[in-house]
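**Q** Starting from the given sequences, assemble the full structure and let the hints guide the process.
Going by our numbering, the first residue of the sequence shown is number 20, and it counts up by one from there.
Don't read these hints as lab results, they were simulated from the structure. Glycine is no exception: its CB is placed at the ideal position from the N, C-alpha and C atoms. No false leads were mixed into what you were given.
Each pair of labels, with its calculated beta carbon distance range:
(1) VAL251 to GLY197: 18 to 28 Å
(2) GLY197 to THR250: 16 to 26 Å
(3) ARG234 to GLY72: 45 to 55 Å
(4) GLU253 to ASP343: 23 to 33 Å
(5) ALA209 to SER134: 21 to 31 Å
(6) THR250 to SER347: 32 to 42 Å
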Amino acid sequence: MGHRDLLLIVAFVAGFLLVAEALPPAVLAGPEPPTALATAYNTQRKLARSPDGTLYAAVTVNASGVPQVRVLSTTDGVAWTTLPHPSVSGNASDRASLAIDSARTLHLVWTETTSSDRQVFYARFTGGRWGLVEQLSHSTGYAGFPSLAVDARDRVHVVWYGFDGAFYQIYYRRLEPGGWTLERALTNTAADATNPAIGLGPEGHVHIAWFRLDRNGTFDEVAYLRLEGDTVAETRSLSANGVDAIDPSLAVDRAGTVHVVWSALVGGADRLQHVERGSSWSAIETIAPGMAGARHPSTAFDAGSRLHVVWEGPDGVVYHQVRDGSWSAPAALSSAGTNRYPSARWSQDDNPLCGPSARIDVVWTSEVGARSRLAYRAIDVSAACSGPPDWSASLAIAAGVLIVALVGLVAVAVRSRRRSG
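**A** Below, the structure is given as structure tokens:
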């Protein structure tokens, strides 16, 4: 993956409908600006919402020149609070993923520097504090880019990629009541497998998508794996043969249909493609109306099982589309600057999408002039918890901004074999 060295100021934009209302004043909320990769990468979920309406965001900040993972919380999208630091080692950390369970416990995984390389770590937040930090990966080389989800039984599922001594493979662990399952490689290929995304079906199946080099080592392809219990029930390529494809985002609807969206190099430009699996896999669909240069998609469902996709355009704008029979035209979520790495909250189990939480929360990293920020929007998809959603309401988007002072330069060193975003 690529490397960035940057310093940034954080922001969260606050409340206006698509019909253009004025933004409220910026709100100061802490001394740490985000890094250039604050919300990277699209295969990792950065947002979780508690049933009481509290929204949590996992981001990477510049802590006096060192990238470190932080979790922020808000009840209104305007005022944000930094939770206690999950790791107190002082080591560089980034690439976090966040989820919540039925007891409102937060579960966080991230990549952190160790004495030899980088590894995957985990901690849970309950009772106002983080528990003991646990190292999940023990690769002979780099391990990172973890993605996690919590199922209806409050079991935590974590996937990441790590070095097996020859190639990067996809690894998996699950937190049972008695503790973590053993570290396990789900792939065993003579080509690098990277950047896994995870989703859980209503029946408990674990769905994983990632990208890898094809067998000839000539292009990247998006691959898929389904885990039923501890059995790998299906493994296959999803993207078209001979088409360079990366950065999958995966979500599963309430009926158990799996949806995967990725960025594919079609006709010399990146375009978003989509497949779904109910009883069988659909043909590959290039999302239309399309835009050349679309990257870093993040998917989510609303209470009506409509598929939403947010993505980064070549013009530095974050766009939103929804499929309701057909795809809507791209609608801009960002208003200024260069905007990257959007991440949407996927509602599942104890991450509600009804009542006060009936919205698609989206966070991304933004730069405006000499200032940078972390931007947030909420796409209103009104739905009562006791009944079906009310689609007669207009689509509204709320924004909130959190701007903090510039602190310094951050150096993020990443292995040269890693794909840049």
